[in-house]
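All chains should be modelled from the sequences, with the hints used to inform the complete structure.
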Amino acid sequence: MTLYFTDKQIPELSTFGDSQRRLVRQGGFDLFCLDHPPARWQFRLVNSLAILIACALSFSISRHFLFRLLIAAVVTFVIQIFFQSLLTERLRPYFRSYIAEHSDEIARAD
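Going by the working numbering, 12 is the number at position 12 of the sequence shown; the sequence numbering is gapless.
Worth flagging that the hints you see were computed from the coordinates, not collected in a lab.
Every value quoted in this text rests on a predicted model; they were computed, and no experiment measured them.
Treat the hints with caution; some may be incorrect.
List of simulated lysine to any residue pairs, SDA-like, C-alpha gap at most 25 Å [what the hints assert, rightly or not]:
#1 LYS8 to ARG92
#2 LYS8 to ARG40
#3 LYS8 to HIS102
Distance ranges between label pairs, derived from CB positions [claimed, not checked]:
#4 ALA100 to ALA73: 35 to 41 Å
#5 ARG63 to PRO37: 41 to 47 Å
#6 LEU86 to ASP30: 15 to 21 Å
Beta carbons are placed, not taken as given, at the ideal position from N, Cα and C, and that holds for glycine.
Put into structure tokens, the structure is as follows:
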């Protein structure tokens with residue numbers, strides 16, 4: 001599995017501008033959700049769990065508020081990078097489909 005820190009690192013999106021990448025990412029995600037209807041609430045659940053895990057871990061480690069906040073932010077970041085990279089791997093075929101079907105719309109987005 002490849003870790004993607006930005007959309008520019010995704011081969012299907014690397015040649016597009018920022019607004020085009022956003023359009024393709026959203027369109028690909030929408031296509032994915034058509035094939036997997038419960039996906040939207042499952043992703044929200046995972047995001048919420050990441051924040052809860054990070055908060056619980058930070059409260060168990062430190063009593064200092066700023067240090068807790070730092071721990072929660074780092075743990076959430078690590079969980080989200082891993083999760084978003086897994087999601088991106090699953091979305092790449094949908095990006096290709098969206099690009100093939102909406103090339104004119106994508107070209108106008110920039």
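Restraint status (C-alpha distance of LYS8 to ARG92 at most 25 Å) | holds, 13 Å
Confirm or reject the claim that ARG63 and PRO37 have a C-beta distance inside 41 to 47 Å.
-> Since the Cβ atoms of ARG63 and PRO37 sit about 44 Å apart, the hinted range of 41 to 47 Å holds.
Agreement of LYS8 and ARG40 with the hint, judged by alpha carbon distance not exceeding 25 Å | holds, 24 Å
Given the hint of 35 to 41 Å, check if ALA100 and ALA73 actually sit that far apart at their C-beta atoms.
-> holds, 38 Å
Holds or violated: LYS8 with HIS102, Cα cutoff 25 Å?
-> holds, 19 Å
Check the following: the C-beta atoms of LEU86 and ASP30 are separated by a distance inside 15 to 21 Å.
-> At 19 Å between Cβs, range holds.
The structure fails none of the hints (numbered hints given earlier).
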